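Numbering (the working numbering), first residue to last: 2 to 205.
Quick caveat, the hints were computed from the structure, so don't treat them as lab data. Computed from a predicted model, the values in this text were never measured in an experiment. All clues given are correct.
DEER-style ranges, computed between Cβ atoms: (1) Glu130 / Gly81: 36 to 44 Å; (2) Thr75 / Arg155: 23 to 31 Å; (3) Glu199 / Asn154: 43 to 51 Å.
When the alpha-carbon atoms are kept at most 27 Å apart in a straight line, the in silico BS3-like pairs for lysine-lysine are as follows: (4) Lys67 / Lys151; (5) Lys177 / Lys67; (6) Lys167 / Lys77; (7) Lys184 / Lys67; (8) Lys177 / Lys115; (9) Lys184 / Lys136; (10) Lys77 / Lys165; (11) Lys167 / Lys64; (12) Lys67 / Lys77; (13) Lys136 / Lys116; (14) Lys177 / Lys136; (15) Lys177 / Lys77; (16) Lys67 / Lys136; (17) Lys136 / Lys165; (18) Lys151 / Lys64; (19) Lys177 / Lys165; (20) Lys136 / Lys167; (21) Lys184 / Lys116; (22) Lys177 / Lys116; (23) Lys136 / Lys151; (24) Lys67 / Lys85; (25) Lys167 / Lys85; (26) Lys193 / Lys115; (27) Lys167 / Lys177; (28) Lys184 / Lys64; (29) Lys165 / Lys67; (30) Lys167 / Lys151; (31) Lys136 / Lys64.
Virtual Cβ for every residue (Gly too), placed ideally from N, Cα, C.
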Amino acid sequence: MSSSADQAQTAPSASAEVPAVETAGSSSAPQTKPELPPLSPQEFRAYNRLAETMDYFHDHFRKSWKLLYTAASTGKRPAGMTLKQFIDEGLSLVRYLETHHGIEETYFFPLLAKKMPEFRAGRGNGASELLQQHKQIHAGMDVFQEYLSKCRNRETELELSVLKDKMDLWGDVLLKHLDQEVKTLGAENMRKYWSIQEIRQMPI
Numbered sequence: 002m003s004s005s006a007d008q009a010q011t012a013p014s015a016s017a018e019v020p021a022v023e024t025a026g027s028s029s030a031p032q033t034k035p036e037l038p039p040l041s042p043q044e045f046r047a048y049n050r051l052a053e054t055m056d057y058f059h060d061h062f063r064k065s066w067k068l069l070y071t072a073a074s075t076g077k078r079p080a081g082m083t084l085k086q087f088i089d090e091g092l093s094l095v096r097y098l099e100t101h102h103g104i105e106e107t108y109f110f111p112l113l114a115k116k117m118p119e120f121r122a123g124r125g126n127g128a129s130e131l132l133q134q135h136k137q138i139h140a141g142m143d144v145f146q147e148y149l150s151k152c153r154n155r156e157t158e159l160e161l162s163v164l165k166d167k168m169d170l171w172g173d174v175l176l177k178h179l180d181q182e183v184k185t186l187g188a189e190n191m192r193k194y195w196s197i198q199e200i201r202q203m204p205i
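With the hints as constraints, model all of the structure from the sequences given.
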């Protein structure tokens with residue numbers, strides 16, 4: 002029969018580590034948000050109203066951009082369009098975008114930013130992605146506008162290959178922005194932040 006000293010040597014220590022067993026309520030379990038109930042057709046239309054309105058304006062910008070960029074890429078102006086009309090098309094796109102972004106940043110975005118971080122202003126990288134895109138668009142658009150203005154004033158001759166280079170500076174961010182902004186205003190995203198009563202009462 003072994004001594005009590007031998008038993009003490011072979012018995013497991015009370016302080017030995019015991020593997021932790023995760024339970025269903027463990028904090029390491031991924032947290033998922035409950036799914037929102039489906040929207041009725043009437044609710045979807047109400048929540049999606051701003052996206053549809055924005056897409057209406059953005060579609061004009063897309064069409065104008067496509068006309069200009071196709072000509073710049075192929076080296077041929079649209080049939081029946083004079084040089085003056087073509088240059089004016091580009092300068093009109095600049096004016097419309099400047100006006101559109103001015104209205105957004107003065108009235109539209111501050112209202113949405115009360116609940117939506119996607120529209121919050123800030124300095125430098127503190128601004129939302131959509132507002133940073135505005136700055137990137139305008140940086141390239143200024144170069145584009147300066148070139149077309151010189152062509153309009155006959156300070157230089159329009160070269161479509163040069164115009165393409167000017168458009169490539171801001172084309173990707175413009176087209177991404179036009180789509181991303183509409184998606185952000187879509188019904189499934191808007192319902193996360195606003196009640197149906199709030200969305201219907203928005204003065205936009």
